[in-house]
Amino acid sequence: MKLSEVVQAVNGTCEADGSIEIRAMASLLEAREGDISFLANQKYAPQMKETKASAVLVAQDYAGETAAALIRVEDPNKAFASLSPIFGPKPVVREPGIHATAVIGEGVTLGKDIYIGPYTVIEDGATIGDGTVIDGMVFIAQHVQIGKQCHLYPQVNIRESCILGDRVILHAGVKIGTDGYGYTVEIGAQGPVINKVPQIGIVEIGNDVEIGSNTCVDRARFGRTRVGDCVKIDNLVQIGHNVQIAPFVGIIAQAGIAGSAKIETGALIWSQAGISGHLTVHERAQVAPQAGVKEDVPEGEYVAGTPAIPKRKFAETLLFPRLLDKLKRKVVDLEAKVKALEAR
Amino acid sequence: MKLSEVVQAVNGTCEADGSIEIRAMASLLEAREGDISFLANQKYAPQMKETKASAVLVAQDYAGETAAALIRVEDPNKAFASLSPIFGPKPVVREPGIHATAVIGEGVTLGKDIYIGPYTVIEDGATIGDGTVIDGMVFIAQHVQIGKQCHLYPQVNIRESCILGDRVILHAGVKIGTDGYGYTVEIGAQGPVINKVPQIGIVEIGNDVEIGSNTCVDRARFGRTRVGDCVKIDNLVQIGHNVQIAPFVGIIAQAGIAGSAKIETGALIWSQAGISGHLTVHERAQVAPQAGVKEDVPEGEYVAGTPAIPKRKFAETLLFPRLLDKLKRKVVDLEAKVKALEAR
Amino acid sequence: MKLSEVVQAVNGTCEADGSIEIRAMASLLEAREGDISFLANQKYAPQMKETKASAVLVAQDYAGETAAALIRVEDPNKAFASLSPIFGPKPVVREPGIHATAVIGEGVTLGKDIYIGPYTVIEDGATIGDGTVIDGMVFIAQHVQIGKQCHLYPQVNIRESCILGDRVILHAGVKIGTDGYGYTVEIGAQGPVINKVPQIGIVEIGNDVEIGSNTCVDRARFGRTRVGDCVKIDNLVQIGHNVQIAPFVGIIAQAGIAGSAKIETGALIWSQAGISGHLTVHERAQVAPQAGVKEDVPEGEYVAGTPAIPKRKFAETLLFPRLLDKLKRKVVDLEAKVKALEAR
Chain A
0 MKLSEVVQAV
10 NGTCEADGSI
20 EIRAMASLLE
30 AREGDISFLA
40 NQKYAPQMKE
50 TKASAVLVAQ
60 DYAGETAAAL
70 IRVEDPNKAF
80 ASLSPIFGPK
90 PVVREPGIHA
100 TAVIGEGVTL
110 GKDIYIGPYT
120 VIEDGATIGD
130 GTVIDGMVFI
140 AQHVQIGKQC
150 HLYPQVNIRE
160 SCILGDRVIL
170 HAGVKIGTDG
180 YGYTVEIGAQ
190 GPVINKVPQI
200 GIVEIGNDVE
210 IGSNTCVDRA
220 RFGRTRVGDC
230 VKIDNLVQIG
240 HNVQIAPFVG
250 IIAQAGIAGS
260 AKIETGALIW
270 SQAGISGHLT
280 VHERAQVAPQ
290 AGVKEDVPEG
300 EYVAGTPAIP
310 KRKFAETLLF
320 PRLLDKLKRK
330 VVDLEAKVKA
340 LEAR
Chain B
0 MKLSEVVQAV
10 NGTCEADGSI
20 EIRAMASLLE
30 AREGDISFLA
40 NQKYAPQMKE
50 TKASAVLVAQ
60 DYAGETAAAL
70 IRVEDPNKAF
80 ASLSPIFGPK
90 PVVREPGIHA
100 TAVIGEGVTL
110 GKDIYIGPYT
120 VIEDGATIGD
130 GTVIDGMVFI
140 AQHVQIGKQC
150 HLYPQVNIRE
160 SCILGDRVIL
170 HAGVKIGTDG
180 YGYTVEIGAQ
190 GPVINKVPQI
200 GIVEIGNDVE
210 IGSNTCVDRA
220 RFGRTRVGDC
230 VKIDNLVQIG
240 HNVQIAPFVG
250 IIAQAGIAGS
260 AKIETGALIW
270 SQAGISGHLT
280 VHERAQVAPQ
290 AGVKEDVPEG
300 EYVAGTPAIP
310 KRKFAETLLF
320 PRLLDKLKRK
330 VVDLEAKVKA
340 LEAR
Chain C
0 MKLSEVVQAV
10 NGTCEADGSI
20 EIRAMASLLE
30 AREGDISFLA
40 NQKYAPQMKE
50 TKASAVLVAQ
60 DYAGETAAAL
70 IRVEDPNKAF
80 ASLSPIFGPK
90 PVVREPGIHA
100 TAVIGEGVTL
110 GKDIYIGPYT
120 VIEDGATIGD
130 GTVIDGMVFI
140 AQHVQIGKQC
150 HLYPQVNIRE
160 SCILGDRVIL
170 HAGVKIGTDG
180 YGYTVEIGAQ
190 GPVINKVPQI
200 GIVEIGNDVE
210 IGSNTCVDRA
220 RFGRTRVGDC
230 VKIDNLVQIG
240 HNVQIAPFVG
250 IIAQAGIAGS
260 AKIETGALIW
270 SQAGISGHLT
280 VHERAQVAPQ
290 AGVKEDVPEG
300 EYVAGTPAIP
310 KRKFAETLLF
320 PRLLDKLKRK
330 VVDLEAKVKA
340 LEAR
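Residue numbers (numbering that gives the first Met the number 0), protein chains in the order written: chain A, 0 to 343; chain B, 0 to 343; chain C, 0 to 343.
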């Protein structure tokens with residue numbers, strides 16, 4: 000698209016050559032030649048000198064230096080967003096309908112306006128609510144219940160009898176209802192015998208939950224592993240059996256929550272953190288990236304480190320090298336003084 | 000199901016109103032209204048006050064307070080387990096048979112009583128043993144050998160020529176036989192040239208192995224990556240190329256084992272731990288959650304921390320803040336005394 | 000294969016009984032009975048006493064002790080490699096062709112000599128370059144562009160409008176273009192309201208990139224998440240939205256890179272490391288396994304620990320126990336001396 004056309008599209012003004020070609024959108028630092036970017040927050044003004052964007056949307060009164068063509072607009076943020084339909088990926092629209100290759104079992108209840116993609120399998124007794132989109136290559140086992148207006152991306156698997164609420168988004172490769180990790184060990188005459196503990200519970204997911212790619216949620220040993228309303232889980236997260244996640248919890252990529260742990264409302268588990276089994280992270284508590292939680296986290300507390308301790312205490316441990324060095328110098332000093340005193 | 004019917008089913012006695020509806024099973028803390036729970040271990044007796052279960056199975060002589068209806072039985076544990084067929088998810092039974100949509104290559108050897116699900120692909124020369132269940136959307140590449148009574152869940156991939164023993168369970172999304180991470184770097188005239196090292200070995204998995212969802216086991220550079228009999232691996236674990244895992248090893252979620260490491264019999268690798276390449280975790284050793292092992296772990300040792308050290312030493316490091324504080328106060332005290340002495 | 004035939008195949012000499020059966024290749028330590036191994040590097044000579052290999056390829060002048068049959072050759076390394084076609088897994092050859100079950104959308108552009116496997120779906124408007132192999136059960140969404148001679152293994156998903164260069168290898172279960180983790184929270188009259196931030200950018204992957212099994216790369220919030228030429232990523236890695244990875248970067252298993260971080264040319268991120276969002280790992284820097292990077296890493300620096308610090312400083316912290324102990328003993332000694340002085 001020509002720059003002049005972009006200027007028109009955002010209802011802006013531009014003194015530069017309108018014939019240059021604009022191909023994509025990017026932030027100032029990520030932009031390459033042919034990209035259009037924007038400056039809405041003055042914090043990023045220094046990036047105007049470095050940007051490789053061919054054009055930048057700026058406020059009417061912008062006066063800084065840059066090599067890019069400037070397009071002056073009322074609201075650079077809004078103007079930039081308005082370009083998404085032009086330069087962003089074409090949105091995927093799934094018109095209701097069931098692909099000819101989908102395998103639908105017996106006794107399946109399908110709501111209205113459902114989309115089911117190619118090579119998806121829905122086994123006997125499953126229920127799918129109105130307006131739900133199930134992409135291709137999704138495997139939904141027997142007696143699964145899925146609510147309204149959900150979106151399941153390709154290669155999701157939901158094991159038997161698990162339950163999803165409304166408006167749940169499961170990204171590609173999510174696995175719901177895998178057997179939890181549970182064994183008993185007997186020492187027999189021929190050595191140890193390992194028996195699998197049957198995992199005969201389910202996973203129950205509330206409304207407005209979003210779960211990232213390749214994340215796993217294990218079914219309960221009995222009863223339910225529960226993911227509450229409005230919980231947002233990132234990619235590659237592990238949720239063990241019987242974990243109870245309250246509403247409005249956030250769990251960032253690659254974090255892991257061991258069996259029967261309880262995460263209360265509004266808690267935030269950062270990336271690569273680990274929560275041991277059978278404990279509680281209380282309301283609005285936060286667990287820092289890579290922290291390893293081995294005991295309950297009190298309400299509103301922010302913990303860090305392995306084993307996790309309050310962030311403020313953890314920060315103190317980071318001062319140890321300096322503290323230790325200072326102490327060492329004092330002891331050397333004292334030793335000299337004591338020696339001198341002894342020689343008196 | 001009415002409470003009175005539950006009481007009958009477990010051959011118990013109950014003084015409460017038998018008409019209330021029981022819908023599901025749950026532990027005391029996880030239970031909601033309509034759930035039935037149980038108290039078998041007196042450790043959990045305090046939870047009887049908090050539980051939201053509508054009914055609880057208790058021993059004949061239980062005398063504590065609770066809002067739930069009490070069903071008295073001989074053995075609450077057994078009685079609870081006996082309710083699983085009623086309230087638990089309906090078990091999935093895979094009757095032998097090959098789904099019409101399964102793609103079976105040339106020269107495939109199929110044993111007796113095999114189930115193969117929809118949209119599964121089994122390529123040329125593969126062998127599947129008697130009684131094995133292969134769910135839908137599994138991809139089994141050329142010349143793979145799978146033993147008897149295995150269960151492969153949906154979206155598993157097994158790359159060419161890998162070998163599985165008998166009674167192996169692979170949960171949804173497991174990837175067996177991916178190329179290991181191996182490159183050589185040459186510095187050429189135009190900068191670095193990166194060459195892929197061919198990964199032409201296989202993965203060999205023993206009998207009675209269970210592997211959790213989305214776990215990856217890389218094929219050997221040459222020879223075999225080996226997972227021994229009775230090894231139990233959780234979800235999202237990474238096993239590098241040429242790793243050798245002896246029988247009866249346990250590996251918990253999100254742990255990672257780098258190339259050519261050796262894990263000996265009965266060792267236990269806890270969640271999110273990392274084992275560096277080319278070293279040995281000896282018999283019955285344990286690696287704590289999030290530990291980072293950089294040298295051999297002796298037989299029976301329990302290591303923690305990054306880099307991992309014996310657990311007892313690691314515990315000492317946790318006392319440093321207190322120790323350092325104490326030392327600091329002593330030095331301040333000494334400084335005062337020395338000053339006084341100098342002034343004499 | 001008989002040992003005598005192996006001797007002939009490698010053009011070597013052997014004094015042992017040529018009738019024993021050789022079945023597989025393995026390194027000295029991994030070998031079992033029936034395996035052939037090799038000794039090329041004298042560092043591994045001590046393993047000759049322990050090896051369970053039935054035969055070992057050695058140099059002409061090798062004189063050590065071993066129970067294995069010795070095959071003397073000019074170059075043991077080369078001789079061993081030459082046995083791969085015999086004992087290694089049969090290589091999988093994908094002859095050009097489109098499987099009858101593949102679903103190809105409208106307006107798809109297919110190059111020459113392409114292989115598309117069973118149950119693969121390629122949606123409308125996608126482009127696939129010459130010589131590319133797309134295995135079975137791959138889901139390629141609308142308007143995706145894939146270059147020449149790529150290889151996509153089973154159960155890969157590429158979301159809409161993402162772009163791959165030439166010779167890209169994506170292993171089984173890779174998910175490209177998942178929505179990034181982004182929400183805004185408003186506190187409404189009925190409590191918090193969580194809104195999803197539209198993720199309307201793409202992922203752009205350069206040439207000669209290899210990505211390991213079950214790794215996830217999120218699409219940009221807007222613009223592009225970028226993976227540069229010759230980047231090699233291992234299994235189970237998380238790449239957040241808008242991450243910018245320069246050419247020749249290596250990222251080892253289970254590492255995670257948060258949104259908008261920038262990884263410069265030649266940097267190396269080791270396993271299970273975590274990189275926080277919006278920062279830069281500069282050229283040729285390295286991040287140790289399990290390190291947690293919270294600020295920019297300077298060019299060529301090697302950082303370790305959480306939060307990550309230069310490796311040399313991190314090594315110093317490992318000396319703390321000894322240092323603290325030494326200091327403690329000095330203080331005890333000083334206390335005694337001061338007491339004696341005070342008593343004078």
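Hints were generated in silico from the structure; no laboratory data involved. Please read all numbers here as calculations on a predicted model, not as lab measurements. Careful, some of the hints might be misleading.
Remember, identical chains collapse to one label, so a pair may be satisfied in a single copy or spanning two.
[To be verified] Result set (DSBU-like, lysine-lysine): computed pairs, CA atoms no more than 35 angstroms apart in a straight line:
#1 42 <-> 312
#2 89 <-> 111
#3 48 <-> 329
#4 89 <-> 1
#5 293 <-> 1
#6 195 <-> 77
Violations among the numbered hints, reported as their numbers in ascending order
Going through the list in order, the structure violates hints 3 and 5 and respects the others.
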